[in-house]
Each structure stands twice: as C-alpha cells, then as structure tokens.
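Student: The residues making up each chain are set out below.
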Amino acid sequence: MRIKILGSGCANCAAMERATRTALAHLGWQATIEHITDYPTIASYGVMSTPALVLNEHVLLTGRVPSTDQVADLLATSAPQAAAEPSSKNADGTLG
Amino acid sequence: MTGQATPVTDVEAPQGRAGRARRMAALAIAAAVWVGVLLVNERVWDRVVYRWAGLSEDTRLGSAVHFFLTDTVKITLLLVGIIFAVTVLRSFVTLERTRAALGGRREGVGNVMAAGLGVVTPFCSCSAVPAFIGFVSAGVPLGVTLSFLIASPLVNEVAVVLLYGLFGFKIAALYVASGLLIAIGAGWLLGRLRLERYVEGFVFQTTLRGQPVLAGTTLSWADRMRLGREEVTTILRKIWPYLLAGVTLGAAIHGWVPEAFFVRYAGPDNPFAPLVAVAIGVPLYSNAAGILPLVEALHAKGLAMGTLLAFMMSTVALSLPEMILLRRVLKPPLLAIFTAVVATAILATGYLFNTIL
Numbered sequence: 001m002r003i004k005i006l007g008s009g010c011a012n013c014a015a016m017e018r019a020t021r022t023a024l025a026h027l028g029w030q031a032t033i034e035h036i037t038d039y040p041t042i043a044s045y046g047v048m049s050t051p052a053l054v055l056n057e058h059v060l061l062t063g064r065v066p067s068t069d070q071v072a073d074l075l076a077t078s079a080p081q082a083a084a085e086p087s088s089k090n091a092d093g094t095l096g
Numbered sequence: 001m002t003g004q005a006t007p008v009t010d011v012e013a014p015q016g017r018a019g020r021a022r023r024m025a026a027l028a029i030a031a032a033v034w035v036g037v038l039l040v041n042e043r044v045w046d047r048v049v050y051r052w053a054g055l056s057e058d059t060r061l062g063s064a065v066h067f068f069l070t071d072t073v074k075i076t077l078l079l080v081g082i083i084f085a086v087t088v089l090r091s092f093v094t095l096e097r098t099r100a101a102l103g104g105r106r107e108g109v110g111n112v113m114a115a116g117l118g119v120v121t122p123f124c125s126c127s128a129v130p131a132f133i134g135f136v137s138a139g140v141p142l143g144v145t146l147s148f149l150i151a152s153p154l155v156n157e158v159a160v161v162l163l164y165g166l167f168g169f170k171i172a173a174l175y176v177a178s179g180l181l182i183a184i185g186a187g188w189l190l191g192r193l194r195l196e197r198y199v200e201g202f203v204f205q206t207t208l209r210g211q212p213v214l215a216g217t218t219l220s221w222a223d224r225m226r227l228g229r230e231e232v233t234t235i236l237r238k239i240w241p242y243l244l245a246g247v248t249l250g251a252a253i254h255g256w257v258p259e260a261f262f263v264r265y266a267g268p269d270n271p272f273a274p275l276v277a278v279a280i281g282v283p284l285y286s287n288a289a290g291i292l293p294l295v296e297a298l299h300a301k302g303l304a305m306g307t308l309l310a311f312m313m314s315t316v317a318l319s320l321p322e323m324i325l326l327r328r329v330l331k332p333p334l335l336a337i338f339t340a341v342v343a344t345a346i347l348a349t350g351y352l353f354n355t356i357l
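Heads up: the protein sequence lines correspond to chains A and B, in order. Under the working numbering, the final residue of the first sequence carries the number 96; numbering is consecutive throughout. Under the working numbering, the final residue of the second sequence carries the number 357; numbering is consecutive throughout.
These are calculated hints, taken from the structure and not from any lab test. Since the structure is predicted, the reported quantities are computational estimates derived from the model, not experimental observations. Check before you lean on any hint, since a few could be wrong.
Unchecked claim - Under the rule of at most 35 Å between Cα atoms (straight-line distance), these lysine-lysine pairs were calculated in the DSBU-like manner:
no.	chain 1	residue 1	chain 2	residue 2
1	B	Lys331	B	Lys170
2	B	Lys238	B	Lys331
3	B	Lys170	B	Lys238
4	A	Lys4	B	Lys331
5	B	Lys301	A	Lys4
6	B	Lys170	B	Lys74
This is chain A alone, in the form it adopts within the complex (with noise of 0.2 Å):
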C-alpha cells in the first residue's frame, strides 16, 4: 500500500502526514508513505488545494487536514478498491 502526502512543506502537510501515520497505527496496516512536494507532480495528480492524501495513486482528499478518525475511515473504505486493481507491480511482482 503506497500512501502519497502532496505538498509543499507547509505545517498542514506535517499534519496531514501526522493524522496519517496515527491512522495506520490505529488500523494497524503497513503502508509507506512518501511526501511529495514538488509543484508539477503534484499538478499531475490534479490536485489544486494542498495537502491533499493520494491511496496507490488515487486521491481521497484535498485542502484540509482531516481527523485522524477521518482519515483511517477514508483508508479503510477506498483501500480495499484500490486494492483490486493492481495500479502499480513491484520488482519481485507484488502489488502496491
């Protein structure tokens, strides 16, 4: 599972990957997360309001820091769709 935070680096960014990473504890998944903060890859993905969360290259949400609540309930109901489409293969071929 591949979680991207888009975002220039501003304190809402730290939040958002804050909310994120208590999420996933709270879930108790494993899943890497990287911060993107370079402005045309984040343009690419669409994404117009910062910070926004990307799930395996889907974006769930853009403009505001939500609740840790909120983001585990948002993980959980769109990992098991990103999950059926294999939108990404490793090397050794597992997904995500």
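Starting from the known structure of chain A, arrange chain B on it as the hints suggest.
Tutor: Then chain B, alone, in the frame of chain A:
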C-alpha cells in the same frame, strides 16, 4: 482508473438531533458571550486603567496603556468572530468548483467573476502555486487567473472586518470595492499584455491524470464548525506576534505622537505620501491584524486615509514571501510587471481616496 472513494461523513460528531441541538446551544452561548464582551470592553478598561490603576487619560502613558488593552481585546474578538464565520461560509466553496466556473470564460466577465471568487474561495497561501497551475492548465485565461490571485489576499476578510470595527462601514465598503476593482483591472490589463510566454513552461504542459479531482469527502456541519475553530486557532497562533507588535506600536503613537502631527507633513494633499506608503508597503510582510492597529493610531494623528489604505493594501497584497512563491510559476519579467501593475493600481487608489474622503 475506476471511481473515487465513496463520500464519507464525519465520524466523530454525535449523530442526529441531540448532537445538533448541543452544537447550536454551544454556538449561541459563544455568540452571546462574544457580543457581551465586545460591548463592555472599553468601559471595563476605563475603570481598570483610569480608576483602579490610577493612570490619567491625559498622560501619555495612561492613554497608551488604555489603547493597548482596549485594542488587543477588541481586535482579538473581531478576529475570532470573523475568522470563524467566514471559514464556515467558505467551506461551501471549493477551488475545484471555482475553476469549473471560470474555465474558458472570456476576459472581462472572467476577470469580474475571478475577483469575486478570489474573495470567497478558501485556500492557504501554500496552495497558491498548485491553484495557479490548476487554473491555467484547465483553460482559465492567464489574466483571469491573476485577477483571482490578486483579489484573494487583497480583499482579506480579516482586513475588512477590522476596518469596519475601527473606521466604520463606509471605509470598509470602499476597501472591498477598490480591492475588487484593482483585482479586475490589473488582471484584465495583464491578460491583454499577452504575457503567456513568461509563464514557466511546465504549467502549460501539465496533463491531468484522468478527470479533474473531486473533493474526497462531503462536509457535515460538525466538520465545518471544526474547520472554523481550527482556522481561528491556526491564524491566531500565527499572527499574535504581529498583532502584539502592531498594537504596541499603535499604543506608542497614540500616547506619544502629538495630536494632528501628520496633518502638516502627510495630510491628504501631500503628493508624496501615498508613494512613500506603497514603497514601504510592497516588500513588507504583515497580515492585516498587525497593520491595522498601526493604521488606527496613525489616522488618529492626522495621516490621510487614502495614504493609509494604500499602505495597508500594498502590505497585504504584495510581499516578498509571496513573490518568492510565485517565482515558481512566473518568470521574472512577468513577476516584475505583475508587481508594478498592482502597486500602481494601489497607488492610484490611494490618491483617489485622499481626494474624495
């Protein structure tokens, strides 16, 4: 790629009637307390400073201390109230909807809409660049996008409410009107100059993956109020040093600068005053809350309103941090022209107000 996550409503708020009633009661009580404190503020400090502490209104120290205390409370209250209310209202508007409304609009009408939307669309300054890219790459004309980007910091709700609280409705309304006109006019002019070649190339080459992104979750009222509360704490935490500095400086001027001091040197008919005001204001970075106590005190000493408004506008609309940010998407010539056009528009407004007010 297949669909988005299904919309999720807020999971923490108590569901149903009980929760909603509780929230409304809390809001009503908070509002009542707010109004009450605002009304008794000055009288309380009159008593504390002039009767209990024994300071005299005629002394410099006495009037400075009184000003400091009264103003700090008044401005903090106004800020809390307006930030909360505006954040809740703005939560109904999104950048995505604004972009959809502006995409493909002709200049002229587009500039007017963009300026209006720039005032009501919420986005933090760190989103200015992604928003710019998002707008331009979706077909919003450059000038229209710039109208949006000028209006947003310029017609700042904090500034408007503080102006209203300090100087009354007429000044506040004039500020809003002139801010919108500046955004519309400057954006339109910049659009006509056809400066697209000075936008960084990658902006036009940005291709969106799949469809434009929709907001991830729908917002409940509890969400919106939480956003309001968070925004109040965030902004207060960010600006309190500026606010304190502004009120202190204002208090010092209030107490120590002689009455009508500026009328001779920087009155309404001084042609250089607005120029100096804008020249100082452009590189300066402050938010409205820090500047306004200063403006209030200077005005009481006779500095012309037009000059003061020009100073305030150039401080909030243009700043070094903002220009550094915009440098990511605008090449230096466009950045320079942008700054010059906006500064000139503000300058003209300063002269205009000095004449008519």
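Student: Determine for every hint whether it applies to the structure shown.
Tutor: Right, here's what the structure says about each hint:
Pair hint Lys331 of chain B plus Lys170 of chain B does not hold up; C-alpha atoms about 39 Å apart against a cutoff of 35 Å. A threshold of 35 Å between alpha carbons decides the hint, and for Lys238 of chain B with Lys331 of chain B the separation of about 30 Å falls inside it, so the pair holds. Between the alpha carbons of Lys170 of chain B and Lys238 of chain B the distance comes to roughly 29 Å, so the proposed pair stays at or under 35 Å and holds. In summary, the hint linking Lys4 of chain A to Lys331 of chain B is supported, as the alpha carbons are separated by about 29 Å, within the 35 Å threshold.
Simply put, Lys301 of chain B and Lys4 of chain A have alpha-carbon atoms about 54 Å apart, too far for the 35 Å limit, and the pair is violated. Our distance criterion of 35 Å between C-alpha atoms is met by Lys170 of chain B and Lys74 of chain B, whose separation comes to about 20 Å.
Checked against the numbered hints listed earlier, the structure breaks hints 1, 5; every other hint is satisfied.
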